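S.K.: Dock chain one against chain two, each of which comes alone in its own frame, and use the hints as you go.
These protein sequence lines are chains P and D, in that order. Heads up: the first sequence begins at 1 in this note's numbering, then just goes up one per residue. Heads up: the second sequence begins at 1 in this note's numbering, then just goes up one per residue.
Derived by calculation from the structure, the hints in this document are not laboratory data. Just so you know, these numbers come straight off a predicted model, no measurement behind them.
Below, computed lysine to aspartate or glutamate pairings styled on EDC-like, alpha-carbon distance capped at 16 angstroms:
| no. | chain 1 | residue 1 | chain 2 | residue 2 |
| --- | --- | --- | --- | --- |
| 1 | D | 350 | D | 285 |
| 2 | D | 88 | P | 127 |
| 3 | D | 207 | D | 224 |
| 4 | D | 343 | D | 320 |
| 5 | D | 88 | P | 132 |
| 6 | P | 150 | D | 98 |
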Amino acid sequence: MTELWNGLLKALELIVTFNPEVMAIAGLSLRIAVTSTLLAAIICLPLGSLVHFKQFHGKRVLISLIQTFYSVPTVTVGLLVFVLFSRSGPLGGLNLLFTPTVMILGQVLLVSPILVGLTVSALSGVDRTVTDTARSLGASGRQTAFLILKEARFAVMAALVLGFGRAISEVGLALMVGGNIKGFTRVLTTAISLETSKGDWELSMALGIILIIIALVINVVLNRIQQRR
Amino acid sequence: MMSFIELRDIRQRRDGRDILENISLSVARGEVRALIGPTGAGKTTLLRLADLLDTPTSGMVFFDGCDTSASEWVRLEARRRMAFVLQKPIVFNTSVYENVASGLRWRGQGSRHLRERVLEVLEMVRLADYKDRNARTLSGGEVQRVAIARAIAIKPEVLLLDEPTANLDPVSASRIEELIEGIIKKQSLTVLLATHDMAQGQRLADKISVLVNGRIVQTGGLREIFYSPMSREVAEFVGMENILDGMITSCEGELAVIDVQGHTIEAVTDCHSGENVSVLMRPEDITVALTRVSSSARNSLAGTITRTLSSGPFCRVEIDCGFPLVALVTRRSAEEMGLEPGKRVYATFKAVSLHVIRR
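If we strip away everything but chain D, and leave its shape as in the complex, we get (with noise of 0.2 angstroms):
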């Protein structure tokens, strides 16, 4: 399928340093593509590049299969199909009707077509009220609605969203994250969301790129990114907070079992006999039990734990297995098996649930 829009081996150098390097991004029509990645990244930089307000260094833009360094109207033209929200919205000095209006203006749009289009897209973010309202005196979250508005006023063909719910309360964010769930089911737009909550990309995307250090080192869907991140970088953004490392002494079909410091680790993967690699677990697929559980393929460590830590309705806990590991345990099941460090317990998880990675 054509892409619609194509980055072709961007690097973005600023003040001599590379913010993006070797990018290749391409984003079918109607395709929703989360772009995650820590802070500093250079989300926000691909997304300018996107949205033709900055030109790369060296390497291609396409937008709609045209090549957009042809000239500056050509641009224009190109950026007139597309509405990017910023990461930190702000609203002309001006009534909220006369803010949504804005880029229709820009577009020469007529009066009678106008009123009915900024009315109709107030109503939806729900700011009809708030139409006669200078924008300057709205709340974060209404700002934030009201430069949604000002985005899909357009019609956009493309939807750009820069960490739309970073700056807000929790409640706001889930709001705004309806907001954009609706409209982008409604009008099969082509969207790319740069977020670093990866929980976020996972409710929103059908595709997620991960953007690490100015590259992209993954791109698949949302099982892959989460369940078999292909790095180390992939694996800790993703969650996968036990990575271990250590090689393989035999294999049995799929099921390997694997080396670590000496404990032996069984795991289900593709890997050969005598290959070192990184084990990655997610905390939530470690159980912790007070007698040793055996049955087949899965592993059983003993352990002392170290730390305990609550974070809301649940509790990570930290054990010493020789190495250390990370699990998590509802607050209750703590409690009830009265977790606490020195303790010596057993970590237990599935050789189906861990995900193996070459070194």
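In isolation and in its complexed conformation, chain P is listed as follows (with noise of 0.2 angstroms):
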């Protein structure tokens, strides 16, 4: 128990004094989840809109298909984003394995179901009495789908922040594609398992605390969004 208690202390310390090592690792997971997840969003947001707004054989499937995506383990898209990028792959040649990049890849193809899916419910929640109101007064189609997307802003934006989570939390795909090298690729995640594993429980408790106040920080930020509607 007193282990614990010091290596709480420990990594408070670490966290106050801005200690440099933990300071860029938490910058590095930051920078490639905030990436992946704008990224994400700039090709989900209209794919989840045209799904959305039209009417095609097999959609109901299609929006199965992207739920039962939600919850695809890490390792399985850190499995397909390797074998795409290793060596002998289809795009070995591009070099990118065991890079940030090949990271924020990954990382992308695992919250997109989560972004187009949650981007779909988001317009289906907005009722059906807006688009005929925007009609009414003369918006085009295009206007219309803009108005819709405006009117879904928050739930959208929670999705945006589901994705995030995922992707900042998320420690298969990194540790497969990103190889855990320092000052490099390694993440909070990444350097908890393996600081875990050597059995130096302060500085993971340290990662492990920022992590959960990253996560703190977006809930804070989410319910302040969500109570100006």
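M.R.: Shown next as structure tokens:
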């Protein structure tokens, strides 16, 4: 028990003194997760809108399929990306394996289903009357779609936050395709797993606390946004 | 005169059911037309077709002489000259100002003109102080006013209103009605107003079309609809509660003697002797007396009160004269005469206040 207590104290010390190693790891984690979430958003928001606004055969099936991939294991995506980018893989020539870039690509794949699926449900959550009202006031098809996306902004924002949460907290993918290279691809989760197996609890705990703080900050921000509705 | 909005032979089918059938309606520029009918008659469906939100199963919709089925572009351009206030209006999740500005923005209106117009309209509906509030925080009557402001901000040529006061308390409702009346008078708009409240139709419209079960059963001026309904359905809807079936036994000029289940009623009509007819009368045209009133061209039938029902300052008296009759008297006179079930009274009504239709 005292070990745990000492670990905690040491961890807090590492944080409040802005330990350079800890900060570097946390910074990289944030950069990668934010970039991948934004990239995914750029792709998935229009894609989700398309799925919602267009009527086509197999729409329901497609949506169910997308929802199935909400909880795809991170190691499965990791495996896929690894195979694609390994030296003998189809994209091996790009030499991207074990770089932050490939981690971002992997995370984009990982969070895309969540973003597309939740965008679709966010848009379906908007009252049908909004569409009618907009059209009756002279909005074109595109203007109507844009308004609905705007009306659904809080739900869409929540989707983004969820996607970000999944990106920053996953470990399997980051470890497999990032390689946990110190100062280059080492992020919070991979560092925690390594340091814990090495027995360096203090560092692990400090990093874990930072992860929790990030989660907390996001939640507070999200709640603030939603209270303004 | 050429019609501004014209619906020709419209049929609208949904879920294997005809919502509208055989609808032909034409509204002239500057006309205020009320569409009255019970709930579920198809009024909203008709308005949606007029606003080009939906396309009919068959039939054509013309706007200002143009066939609107030509292209989506024609429809959008036509729709941009109209404004539709939906039955349960919603506001967009943004400020009152932005709500009212939305129609202008979609038309690419320049920002200076836009601001002027929005503020002007907000002033008109007395919501100027609320312009920065989120529209979601407003009350029902205020939401209705935002919806109206949003609609008229674009200076439409046609205003479509679907039950504009249906979901409001009486005070808000009469305020909204006043507001609409003011707008109509000031801007010589063409208006199509759907309402189940026939009195509202009477107050606002020049002309009324009665919609029952997906069909327009009568179109005409106010007096025509309220005092000379063409069919039983219209009569029932416009408050002609007393409908008696009988046969004309003799005619003397315009005055006919009608036999209703063995009782004789005199009425003014152009129907002929031997015809089967229905006699229609409004409850407020029947007076209740304790003694027989005898004068020419006046009917006075003896009967027994079966039920009295007070509604506001009035009292509905149901009388059995061999057939049921409903009379509306003021509560005060009901009390003075001591009207109560079982009492013998005389139901009296003028021959000219009756409306006779062929069966």
